[in-house]
Every structure is written in structure tokens, then in C-alpha cells.
Amino acid sequence: MEYTEDLNIFLEEVDELLTNTEQNLVALEKSPSEGLIQEIFRAMHTIKGGAATLGFQDCVEVTHAMENILDEIRSGTRELTTEITDLLLLVLDWLSAWTNALETGSEKPSAGKVMARIQSVQASGDGAAEGQVKRGAQAEPSGKDPSVLDPALAKQLIERLDQGMPIHKLSVKFNPEADLLSVRCFQVLVLVGEEAEIIGSVPSMEDVESDEAGAELDIYLTSDDGGVSAKQVAESVQDVVQVSLVPFDGSGLAQGKTQESPADEGLGEDNGRAGGEDGGGGDTELMIRKTNLGRTVRVNVELLDLLLNLVGELVIDRTRLSQIASRMQADEATAVVGNELAALSARFQRTSQELQEGIMKARLLPLRSILTKFPRMIRDLSSRCGKQIDFEITGEQPELDRTVLEAIDDPLIHILRNAVDHGIELPEERKAVGKPERGKITLSAWYQDNQVFIQVRDDGRGIDPEKIKQTAIDKGIITREAAARLSDREALELIFAPGFSTAKQATEVSGRGVGMDVVRTNLERINGHIEVRSEAGVGTAVILRLPLTLAIVRALLVECSGITYAIPTSSVEEVLAVRPEDVKTVKGKAALTVRGSVFPLVSLEGCLKDDPWMRNGNFRYAVLTRTHDEPLALGVDGLIGEEEIVVKELGRILSRLKGIGGATILPQGDPAVILDTTNLV
Amino acid sequence: MSTNHNPNDDTARRETSHERQIVAFCLGRETYGVDIQKVREIIPMQKIVPVPRAPDFVEGIINLRGKVIAVLDLRKHFGFEKKEPTPEQRIVLTESDGESIGVIVDSVSSVLRISEDSIEPPASVIAGDEIDYIQGIAKVDDSLIVLLDLTRIISDAERRTLKQVDLASALAK
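If you're matching them up, the sequences are chains A and B in order.
Under the numbering used here, think of the first position of the first sequence as 1, with each following residue one higher.
Under the numbering used here, think of the first position of the second sequence as 1, with each following residue one higher.
Source of the hints: derived by calculation from the structure; they are not laboratory data.
You may find that some hints are simply not true.
[Stated by the list, open to error] Here are the simulated lysine-lysine pairs, BS3-like style, with alpha carbons at most 25 Å apart:
{"hint": "1", "chain 1": "A", "residue 1": "609", "chain 2": "B", "residue 2": "139"}
{"hint": "2", "chain 1": "B", "residue 1": "76", "chain 2": "A", "residue 2": "658"}
{"hint": "3", "chain 1": "B", "residue 1": "83", "chain 2": "A", "residue 2": "658"}
{"hint": "4", "chain 1": "B", "residue 1": "67", "chain 2": "A", "residue 2": "361"}
{"hint": "5", "chain 1": "B", "residue 1": "67", "chain 2": "B", "residue 2": "38"}
{"hint": "6", "chain 1": "B", "residue 1": "47", "chain 2": "B", "residue 2": "76"}
{"hint": "7", "chain 1": "A", "residue 1": "609", "chain 2": "B", "residue 2": "38"}
{"hint": "8", "chain 1": "A", "residue 1": "467", "chain 2": "B", "residue 2": "139"}
{"hint": "9", "chain 1": "B", "residue 1": "139", "chain 2": "B", "residue 2": "67"}
{"hint": "10", "chain 1": "A", "residue 1": "658", "chain 2": "A", "residue 2": "475"}
{"hint": "11", "chain 1": "A", "residue 1": "361", "chain 2": "A", "residue 2": "435"}
{"hint": "12", "chain 1": "A", "residue 1": "658", "chain 2": "B", "residue 2": "67"}
{"hint": "13", "chain 1": "A", "residue 1": "467", "chain 2": "A", "residue 2": "435"}
{"hint": "14", "chain 1": "A", "residue 1": "609", "chain 2": "B", "residue 2": "83"}
Predicted model, so just to flag it, every value in this text is computed and none were measured.
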């Protein structure tokens, strides 16, 4: 389910609030205090808000009714009696049973019983009527309480539901400050009526026409498209701040019926179920809410980081351990102990592996958590520069390590700003070239090859390689001669050069001094990769490639002039032994042909000294890899093996070196440099 | 509040910092000193793995209890001759902006207490370009100790790296 994450957060929040409220209630009984009432009121209000967002109508109704009673107490129109405290406890128990049911996926307890109790308390209170008035004026600006259903409407809804007709509830919230709320309600009702069959609404059309409308409007409707078009038209009405559409299953109808007749026997079934949940629903019976400690625990990020580092050390140790074991096994004198150690080491390996995976998972967060702010940002930016832009987030919702998320937040903002500012053209411009006036920016994300890809694509004017070259020449990044030699693709790479910014002048939207070079650096720091593809007139796509998790990678250890280097296996396609007769020359340069593909063969040592052809093919092994999209065979002197290595930062002085991705500690304890082959040459 | 406090602060500092503790080390024939507060650790020379494409005054990286730490060669930084490794060589670890960095010195002679009075500001003639990270020159028993600000040296090194890297990538383009 798409909102699993939200649901979990909601449940966690409710759990915490219930615990607090229970404590507050107990304290309140000992010594009444306004502060405590206020806090309980706020708890109910928060739960109501969360439940409303997620479309849990039953929970909204219960908490809303409770909120009303508490408001009356707060404002002094009702006294806090034992009866009310009991009721509050009953509500807490119901909420607890309700959240437990949501969590375990079992059947939710019916709200009928609780609602009946709330209403009998409401009716019994002397100050009830007065309270209603006060509430109308204070807490709820709406003329009619939208959560209380008119009995006639409730009956109609039940009939439709019994006929198996799908009903949706469209809740519209208006800006309470706005003038003419009745007119807005009327507008929404008329427009929605064109898209769907309205069974009824709160407030009803009659109420609206007699100017009894508030800032909230609930419409019960049925339509072929499940109310989607109704929602869209409602959103288009002025002063509408929020529209939510939820399937209506009649779970809140008990209340409507209760209102009609509090002792209605038709509720018997529901009552029975609720009674089962709350232990008979006795007035003052002692309730013990099931303590639930298992769901989630908040963990300090620093602690997570520490655990990760410790696990990193374990990973190194386990490699070491298995090496010692095999050494001992090889020696006759120690073979017996060696075997034992090998068995232990194998078990240690498994356990530490699971531990490692667990900790990695604990650090994952959904990508969505940083994307939610973008629609608003694009909207504001585009209106500021007079552009019309549809922004869409599509694709999977990958989970990423929190460090990765932190590191890509700013780059994504920058890339999206660029798309709005430089990518999408002004409406007239678009029209002139036969494009729809509204531009489109799409952010999509997906998993591929153990990596996460995020693509930002726009259908704007694209990047003109010649313009890029000219800018680079003007800014002294490149000479005219060098620019002339660049291919279009190479020219696009220039936007990542330090000091490059295509904006003719710094605008509010982009060009705040942060360039694509910073974006690239940010990404590379977390083993990510950025690529730009563009076609003039058609649009631009920026693709980020990110590691799923950080910090631990499998790497091939190679030896070159006595120094060990690590190459992440994700960038190794194949490893070959090189015989002199395999090395061909293409235009005087060494190359290997592997299954029909030609790999230029360069020396790793030479690459690192910026003289790739240094030894021209005189190696024992070749590591087949890619730099950006070009195949490359790296000649090395020795292969040491494949290991899991912990990626360590190199520190500020060494962090920006080209082709160097970080460092690690080898099983023997020596540090080694991790190479970033895509960036090596 | 601050106006009331400042004079008091000053006297307090003068009293406590009347003497300074420094770690003295040798580099070539000269003696240098760094504030003991800035020194986290002094470790024996150990295997330093070179880092390709690093600026030349960076000798390489070491493994200090699972952390990878960059080590600078002060000799190279000051433009002294390269020296063959000796058993007396030490790595002085200092911290700059929360990051540990090592510097290689020929030998560590001692921890000294020197009085503030014996410290003279660096004469710009001697210090030249390096005046930035020379805090002063202390006279101790007829010998001179050049007091260095390691943090400055490191930030200077960072600046030089950035320049170098930017230049390299600009040239590559």
C-alpha cells in the first residue's frame, strides 16, 4: 500500500499520544487542571487530523466528538465528571484496539458503541446545548459539524451501500478566512454534481443555500470514475485549500443512526463487537490497555553511524579470520585447530553478514521523504518566471541510505531549478515552435543493477553544445582550439566544470553561485554518478545513479607497482589474464579484443600518473571496466582477490582527486585507495 | 555584559597563559614547536600508502585505528630536501575542523614550557610567505624555536589542493 509509511508514522504517533493521554487523565482525576485538559484536547485533535488525512472516518468521528466534549470542559460550559473521565478512558481503549487492529490487519472494532456512549454523555450534560453554540462559534468555523450525519442522509447512504453501490466521500476544506464560503460551497456542489451523482452532503445543498456553510464540506457521491474527476473540479474552485477523496464504507454511519434513536437495536451487532473489544463496556470497569513496545524505536543517527562503523570493523575482522583459518588449515601442525576456526569463522561470517544487512536497513529512508517539497517548489518557481509547468513524480519509491538522501537533496533542488529556469521555455516560445504551452518536468526513480536511478527530464529547449562551448571559452575554462575538438557529448560535460554557469545573468531561480560542479562533487562523494543527456529543442534529462547503501562495497583488489588498489566490483565487467599475443594495436595504441568488442588497454599506473599509455600493454592482467560509457581495459600487475571493503572518507585534502573514490582498510590493516574507474582517465 | 567582561577575561588569560606548553620537534636543523593543545597524538612512523594524484606535500594515508588519515610531509611543505626515513621520525596528529591530519617530523624532542615573554613575533624578513602559520619565535637556552600554527598549515594545504585540482580538471577539459 502506498501510504504504509504514513500509516506507520500515524500509528506510532497515536500510540505515543494514547500513552500520554492516559497518564494525563489519571493525573487529571487527582487534581483538575486546565493545562491537562488542553493537552488531552490537543491529543484528540492531532489523532483526528492524522486519521482524516489517511481517511479513517470512524476514528475521525470518535476523536471529533471527544474533542467537542473536551472543548466544552475547556471553555467551562461543562463540568469534568467521573462519567466523562470514564468515557475518555473508554475512547482510549477503543483507539488502542483500533490501532492494534490496523497494525495487525485484523478487523477494526466498530465505533458504534463508543459513539453511543459519547452521545449519551453529550445529551446528559446540562451545558450541552450552550456548548454546541459556543463550539460553533469557536472551535469549528463551519456552520454545521460535518462529522455528524443527518439521519435522512445516513439512511440513504445505508440503502445505497446495501445495494452494493460504491460510495466515495469527498471532503473539501476551504480557507476559513475566505469570504462568501456559502458561495464556494455552492460552486463545489454544482461542479461536483456535474461529474458525479451526489447522494448527499454535509452541509446539505439546502443549508448552503440558506447560507449555513462553513469551511468544511463533505460530499457523499457515487460515480463511474470513483470520484476522481469530482475531486479535480473541486480542487479548481477558489479558496479550496484541501480536497480529499476516500471510499466510504459506512463505518461512521452508526452515529447517524444513533442520533436518530440512541437505543436503536439495529446497533446490536455493532454493540456486541465493540463490547467484545472493551470487555463489556462497563461504566467504571478497570481497563488495562495492552502495552505495545515493539513497533518502532527512535534511534539517534549518531548511534546508527557508530553501529555501522563497528560493523565495518567486524567485516574486516571476518575476512581476516577466514584468512587465518585457511593458513592454519594448510599447515599440518595446526590443521585440526584450523578446521575448528574455519567452522567458527563461517558462522561468524553469517552472523556478521546479517548484522550488517540489518544495520544497513535501519538506515534506509524512502526517497519520497525528500521529494515531497518539490511540487510546491516547482509551482512557485515556474509562476515566478512566468512559465507553465506540469511536474510529475513517477516510478518506484526506492529506499536509500540516509547519507545518500542527504547528499542528493541539494543537487536535486539545483537540477530542478535548472530545468525550470533554463530548460522549459516561456509559453509564447513553446507555442511558436509547436509545443504545448505547458512544459513538463518528470522526476522518476527506479532500481536497476543494485543501484538507484533518479532521472529529471524536461521537455524544454535542450542544451546547445555550441553555446556551452562558447560559454566555456568565454569563462576561460577551455581554449577555442580545445573546444573545437570536443564532440557534442563532451561539450555537455563542460557544464560540470568549476566556474561554469550558463545563466546569462544570475537569476533568483538559479545561478546562486552553486554550479553543476558542486552537484557532481556532492554525488561523487557518495559514490554516485551524474550524467546529462540533451537534444536541442526536445529536452534534457539528468540522470543520477546512486548506490543503494553506502559504506560497504565489494571490491576487486589489484596490485600495481607494489601498491594495492580497490576497484568496486560494480564497475568491473571482467578480469582477464593478458598474454602478449592478445594485445593488438589500434592506431599504435594497445587494445584487447574481447568477444568482438575492442577495449583500449591502458596501464592503471599510467592512468594514475596521467600518462595512460605509459607501459603500452606490458601487463599480466586486465580489468575490463567503463569510463562513462566507453570500454576500457586497465592493465595491472597482480590480482589479489575480491573483498568486501568499508569505504572510508579520504578527508578534505584528498577528497576531490579525480578517479579516487575513497579509501579503505585492507584485511592486513594497510590503507588502500579505492578507485573510481568511471572517472579515472 | 560583554563590555564588563572583557577586561576581566583579558587578565584571566594573561595569568593562565603566562606559560605555554609546546611540543618541540626537529625538521632539518631547525626546531619547531606547536601548541600542545593542538596535538592529539604522536605516533611512530608507519606504513604510509601513497595516494595517486595527491598534491606533492601529501605523503599518503595511514590507518589509525580504522580511520584513514592523510599525512603531510612538512619537509616538502617547507621546501626542504627529501630525507631518507629514520627511526626517529614521528607523525604528529592534529585536528583541523574535526578532521585528523598527520604531519611527519624528523623527531620529537620534548614537551617544553616556555614563558610568553620569551616569544617574539615573527620578523617578516625571516618568515616571508610563511608568516601566516608562524605564530612567533621563542628563545629557549640560546636556541630558537619556531612556533607553528598547524591548523593554518592544513587549511593552507587544503587551499593549495583545491587550486591544484581545479587547475587539473580545467586543463583536462
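These are the hints, each one checked on the structure:
{"no.": "1", "hint": "A/609 to B/139", "in the structure": "violated, 45 Å"}
{"no.": "2", "hint": "B/76 to A/658", "in the structure": "holds, 22 Å"}
{"no.": "3", "hint": "B/83 to A/658", "in the structure": "violated, 29 Å"}
{"no.": "4", "hint": "B/67 to A/361", "in the structure": "holds, 23 Å"}
{"no.": "5", "hint": "B/67 to B/38", "in the structure": "holds, 19 Å"}
{"no.": "6", "hint": "B/47 to B/76", "in the structure": "holds, 18 Å"}
{"no.": "7", "hint": "A/609 to B/38", "in the structure": "violated, 35 Å"}
{"no.": "8", "hint": "A/467 to B/139", "in the structure": "violated, 62 Å"}
{"no.": "9", "hint": "B/139 to B/67", "in the structure": "violated, 37 Å"}
{"no.": "10", "hint": "A/658 to A/475", "in the structure": "holds, 22 Å"}
{"no.": "11", "hint": "A/361 to A/435", "in the structure": "violated, 44 Å"}
{"no.": "12", "hint": "A/658 to B/67", "in the structure": "holds, 21 Å"}
{"no.": "13", "hint": "A/467 to A/435", "in the structure": "holds, 22 Å"}
{"no.": "14", "hint": "A/609 to B/83", "in the structure": "holds, 23 Å"}
In summary, the numbered hints that this structure violates are 1, 3, 7, 8, 9 and 11.
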